[in-house]
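Kindly generate the complete structure, drawing on both the sequences and the hints.
Top line first, the protein sequences correspond to chains C and F.
If you count by full-length UniProt numbering, then the first sequence holds residues 1 to 290, one letter each, in order.
If you count by full-length UniProt numbering, then the second sequence holds residues 1 to 290, one letter each, in order.
Hint data in this document are derived by calculation from the structure and do not stem from the laboratory.
Fair warning: there could be bad hints in the mix.
Identical copies go unnamed one by one, so any copy, or any two together, can satisfy a pair.
[Claimed, not checked] Restricting the straight-line Cα-Cα distance to at most 25 Å, the calculated cross-link-like pairs of lysine-lysine (DSS-like) are:
#1 Lys31 / Lys41
#2 Lys31 / Lys189
#3 Lys41 / Lys196
#4 Lys223 / Lys192
#5 Lys271 / Lys110
#6 Lys189 / Lys41
#7 Lys41 / Lys192
#8 Lys192 / Lys31
There are 2 protein chains.
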Amino acid sequence: MADRIFGEIEGVPIGSTFNTRKEAAAAGIHKPLQAGISGSKDDGSDSIVISGGYEDDSDTGDIIIYTGEGGQNDKGRQVADQQLVRGNLALAKSEIDGLPVRVIRGADIKNPYAPETGYRYDGLYLVDSHWHEIGKSGFLVYRFKLIKIDSTLPPNKLAKELDLISLPTGSDNPKRATATSQRIIRDSKLGKEIKKLYHHKCQVCSIEINTNAGPYAEAAHIKPVGKPHNGPDRPDNLLCLCPNHHLMLDKGVYMIADDLSLVGIEGSLNKHVDHEISIEHIRYHREMFN
Amino acid sequence: MADRIFGEIEGVPIGSTFNTRKEAAAAGIHKPLQAGISGSKDDGSDSIVISGGYEDDSDTGDIIIYTGEGGQNDKGRQVADQQLVRGNLALAKSEIDGLPVRVIRGADIKNPYAPETGYRYDGLYLVDSHWHEIGKSGFLVYRFKLIKIDSTLPPNKLAKELDLISLPTGSDNPKRATATSQRIIRDSKLGKEIKKLYHHKCQVCSIEINTNAGPYAEAAHIKPVGKPHNGPDRPDNLLCLCPNHHLMLDKGVYMIADDLSLVGIEGSLNKHVDHEISIEHIRYHREMFN
Numbered sequence: 001m002a003d004r005i006f007g008e009i010e011g012v013p014i015g016s017t018f019n020t021r022k023e024a025a026a027a028g029i030h031k032p033l034q035a036g037i038s039g040s041k042d043d044g045s046d047s048i049v050i051s052g053g054y055e056d057d058s059d060t061g062d063i064i065i066y067t068g069e070g071g072q073n074d075k076g077r078q079v080a081d082q083q084l085v086r087g088n089l090a091l092a093k094s095e096i097d098g099l100p101v102r103v104i105r106g107a108d109i110k111n112p113y114a115p116e117t118g119y120r121y122d123g124l125y126l127v128d129s130h131w132h133e134i135g136k137s138g139f140l141v142y143r144f145k146l147i148k149i150d151s152t153l154p155p156n157k158l159a160k161e162l163d164l165i166s167l168p169t170g171s172d173n174p175k176r177a178t179a180t181s182q183r184i185i186r187d188s189k190l191g192k193e194i195k196k197l198y199h200h201k202c203q204v205c206s207i208e209i210n211t212n213a214g215p216y217a218e219a220a221h222i223k224p225v226g227k228p229h230n231g232p233d234r235p236d237n238l239l240c241l242c243p244n245h246h247l248m249l250d251k252g253v254y255m256i257a258d259d260l261s262l263v264g265i266e267g268s269l270n271k272h273v274d275h276e277i278s279i280e281h282i283r284y285h286r287e288m289f290n
Numbered sequence: 001m002a003d004r005i006f007g008e009i010e011g012v013p014i015g016s017t018f019n020t021r022k023e024a025a026a027a028g029i030h031k032p033l034q035a036g037i038s039g040s041k042d043d044g045s046d047s048i049v050i051s052g053g054y055e056d057d058s059d060t061g062d063i064i065i066y067t068g069e070g071g072q073n074d075k076g077r078q079v080a081d082q083q084l085v086r087g088n089l090a091l092a093k094s095e096i097d098g099l100p101v102r103v104i105r106g107a108d109i110k111n112p113y114a115p116e117t118g119y120r121y122d123g124l125y126l127v128d129s130h131w132h133e134i135g136k137s138g139f140l141v142y143r144f145k146l147i148k149i150d151s152t153l154p155p156n157k158l159a160k161e162l163d164l165i166s167l168p169t170g171s172d173n174p175k176r177a178t179a180t181s182q183r184i185i186r187d188s189k190l191g192k193e194i195k196k197l198y199h200h201k202c203q204v205c206s207i208e209i210n211t212n213a214g215p216y217a218e219a220a221h222i223k224p225v226g227k228p229h230n231g232p233d234r235p236d237n238l239l240c241l242c243p244n245h246h247l248m249l250d251k252g253v254y255m256i257a258d259d260l261s262l263v264g265i266e267g268s269l270n271k272h273v274d275h276e277i278s279i280e281h282i283r284y285h286r287e288m289f290n
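Dropping the structure here:
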């Protein structure tokens, strides 16, 4: 079998339309004829089709909250919990490997971003994060947040969605997209204060990273900011972490118990007496990843 | 004294022009009347003026290689080594804190991006990295690479400048800017292979980060890709690292000796027998940060 192609397919520009799934498959834009998610757990996912089949999906153009597969009966009703297997695991793999996912939208009268008929290739997205929750049906569903790579969101909004912070003042201009460095996280004033409180030591492992320009640490949100979590940028939702423990928090490698002991890895969170941490937010984080 | 303002100044849109430094200072866009770098080592730098005063500067619009301050005589000739102090340290602080820097260009007949007369505010940049080298004068100079936040570079080029990798095929389209997640690094095929070779274990600390979608590691370039270093995307220039040791490599917290022992932190680099590492590239990295 040929290698799975990630990214653009030569000769199929953004906006290309297809009458049927079969045509889309023949063009190489989305190979499976039935499944919404193309991919494998080892390769990652290379493309998805959004066609309004899931009641929990949300599509605002540049940001898509996509429900995983599984647990539906042959009438498309959610009748069982989903699991992190097959296509869902493939999408999670694309997330941790940073692989681009082609998004194909199918006709859906309820979605203003969908074509009127057939299918349309709408460009590349990155899987920003995944979590699970109880869907409208009452069953557990996996959800994936995808963000368009060539986004038209204004810089401030995009920074927020990516859990970077917004620029201090007046920069929410209508220009296209922002470029963000691979890992330097722009800090809010509050983030700065939290890092100062802990002398830039990671609250999980106490590492101090000293560069020639001073100590480096990251201010991490416990309940993510941006859609659909909308966690606040407030001290009780912030931690001072090293890059490793920030990534691990975001990817659910560990969670924080009510007594601040850690679940998933050894140890417990170091807390300064002047730092209130919201139990509500650590519970929210736990429920997403437990 | 009032708080230093980072980011946009209200009422001063991009493209605003000023006849003199005094006018620019009065508008709050760049306060110092003489110094090219505004800022302090504790706050970071909030703005710089580029005016062709340094023979080693390079300006290609969205990417600026800016020479630090110091070591010039009163005729503007470089007569001594620069040090990482004052304005230079302020810029390095903006780099590690991810603070936006206002860029003001002064008239410079040799620079096509400069205004014909006076000064012009040209928007916000992030300091991507800094290093030192021997300048054209024969003295040591600090250099800072700045990347425009609202870049007009095509996604592929920007990804390369940011040391992310480019998308596999055909996506070097002329659209504006790309959005990159805060820390998920898009992987090249070669990066994937290096990570597989090491089973996603960090070559410095051997940590394994296991997410529910599989192990997470980063493929790091020893000699940076992108301007002006132009390191290759080849296995002999790649390491498999955890986020902490990737950041620390990029920021010069440690270097690698010819025998693969580490300089700056304890330990030595773990190397697989099938992995050739270029001595030339680790020497380049050392010279930048020693």
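Hint by hint, here is what the structure shows:
Taking the closest pair of Cα atoms, Lys31 and Lys41 come within 25 Å of each other only inside a single copy of the chain (16 Å); across copies the shortest separation is 54 Å, beyond that limit. For a Cα distance limit of 25 Å, the shortest separation of Lys31 from Lys189 across copies, 21 Å, qualifies, whereas the shortest one inside one copy, 47 Å, does not. Within a single copy, Lys41 and Lys196 get their C-alpha atoms only as close as 41 Å, which misses the 25 Å cut-off; across copies the closest is 15 Å, which meets it. Taking the shortest alpha-carbon separations for Lys223 and Lys192, only the intra-copy value of 18 Å comes in at or below 25 Å, while the best inter-copy value is 31 Å.
Proximity of Lys271 to Lys110 under the C-alpha cut-off of 25 Å is found in neither arrangement, the shortest distances being 47 Å within a copy and 55 Å between copies. In this assembly of identical chains, Lys189 and Lys41 lie within 25 Å of each other by CA distance solely across copies; the values are 17 Å between and 40 Å within a copy. In this assembly of identical chains, Lys41 and Lys192 lie within 25 Å of each other by CA distance solely across copies; the values are 15 Å between and 38 Å within a copy. For a Cα distance limit of 25 Å, the shortest separation of Lys192 from Lys31 across copies, 23 Å, qualifies, whereas the shortest one inside one copy, 47 Å, does not.
This entry does not satisfy hint 5, going by the numbered hints stated previously; all others are met.
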